[in-house]
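So the protein lines, in turn, are chains P and Y.
If you're matching positions, the first sequence starts at 1 in this note's numbering and goes up one per residue.
If you're matching positions, the second sequence starts at 1 in this note's numbering and goes up one per residue.
Treat the hints with care, since some could be wrong.
[As the list claims (entries may be wrong)] When the alpha-carbon atoms are kept at most 27 Å apart in a straight line, the in silico DSS-like pairs for lysine-lysine are as follows:
no.: 1; chain 1: P; residue 1: K20; chain 2: Y; residue 2: K282
no.: 2; chain 1: Y; residue 1: K17; chain 2: P; residue 2: K94
no.: 3; chain 1: Y; residue 1: K140; chain 2: P; residue 2: K105
no.: 4; chain 1: Y; residue 1: K19; chain 2: Y; residue 2: K222
no.: 5; chain 1: Y; residue 1: K222; chain 2: P; residue 2: K105
no.: 6; chain 1: Y; residue 1: K222; chain 2: P; residue 2: K102
Hints are computed from structural coordinates only; laboratory data are not their basis.
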Amino acid sequence: MSKLFFDHLIVLTRVDAHVKAISQNIEEREELWQLVDELVHHRVMDLILGSLPEEHHTEFMEKFTEFPYEERLFVFLNEKTGKDFEKVITEEMKTLEDEILKDLKPRKKKK
Amino acid sequence: MSGIQPTQTYHEIFRNKLKLKNFEISDKFLKKYPRAADVLKKKNLTLQKLREHSAKLMGAGALTGALILNSPTMPAQITPIEIVQNLKTLGESSTPIENSQENLISSLRDTLPKRTRPLTREEEKHIEQIFSENIGVKAKASLEGEHLNTTYGLIGAEQHLRRYPGDTIATHPKVKAGDEGMAPGLGAWGYFAPSKDKMTSDIVEEEKWYAVVQTLYLPDWKARLPYLREWYKHRKVLIVNTDNGNAVVADIADSGPAAWTGKSFGGSPEVMNYLGGARYKKGPVIIFFVDDPENKVPLGPVEYNTMSTGMNILKV
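Only chain P is shown next, with the shape it has when bound in the complex (with noise of 0.2 Å):
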């Protein structure tokens, strides 16, 4: 099994419809899923461990890595930050996902 707590909110639908589109095989489709999901951890932890004030970043690692997968996390982060995480989460999600498609659009040549 495999489950971070905030999978549920991940879903990067047209970037996954592009890196189909330029893999040959599934050896590439799969490393690039990889590094796409590393992308979202990095993007998370940041936004999580930038919104929560330093005092609780080491009891919330604590929690996260003995539970990657509980939701019930998202109580301790809305707690400790006063906002709605999931929300966040989801909206910052929207943003990665702009930034990836530009990346994987080919820039033009200039002339």
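Position chain Y relative to chain P; hints supplied.
The following block gives chain Y in isolation, referenced to the frame of chain P:
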């Protein structure tokens, strides 16, 4: 320098960009959040290894841990006592054939959490019994020691797969409405047949009724790759739409979807069409392995409302 080098593919360009971006962010993260970095270091973890770490924890049975119980964001699990009571009730009742589908939907509604998530072994055992009683197909969450990363998740519409070199959408069978077209790449196990003249009616059915599961996220996928690749290749699964009870037997023919698509499984255009109709693109399903050592269960729709159910195994 801009533009694409003649020797680079789009895949390589994108891969390099992502790698660079990940490297930069990872480096920045460690400096920006020293307390978080200390916890990761103490536990010998990196952000890149989080999913693998989660897979190991969940595979080790941590899901049944106390934290998940009474979680305000996750529905409560049924207790072992309730499961035993439910199993007794199932065993005692004789299910009228015409009500099988309604009974199935009702039983699943009583058992499943509102939002999809990996189920506990107890929940899976209960659902196996429900399927056996109502659908009549012997299906298991764990078969020969193998278990998917989750058995209850969202399924998404996939495209047709190329069956042999030169196969095109023009000659490929399609669903009447809402067909997804042909996938640009091959399935995880390559072509179904080496050439068009090697196609058989069985192979046609294999592509027609194919399923996609996340083999890449199995905790031991890399370590046991040669064995697992063969084990999962065209492995039969029972897919049940938990909203309407429609059921189909499919074979695993591709890997995916990515974890960041919000989906756990994929279905061919024909699978999706049968599960939910032409507009059905995503929805909750249960996927169990079909226990069919003699290869008697055919691929395709399971019309269990018109057949003998109860403890009988599907007659073919």
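Consistency of the hints with the structure:
For the hint pairing K20 of chain P with K282 of chain Y, the CA-to-CA distance comes to about 18 Å; that is within 27 Å, so the pair holds. With a C-alpha separation of about 19 Å, the suggested pair K17 of chain Y and K94 of chain P falls inside the 27 Å cut-off, and the hint holds. Only pairs whose Cα atoms come within 27 Å are accepted, and K140 of chain Y paired with K105 of chain P is rejected, the gap being roughly 44 Å. Restraint check for K19 of chain Y and K222 of chain Y: satisfied, since their Cα atoms lie roughly 21 Å apart, inside the 27 Å limit.
Annotation: proposed proximity of K222 of chain Y to K105 of chain P is violated, straight-line Cα distance about 31 Å (limit 27 Å). Of the pairs offered as hints, the one joining K222 of chain Y and K102 of chain P is violated, with about 32 Å between alpha carbons and a cut-off of 27 Å exceeded.
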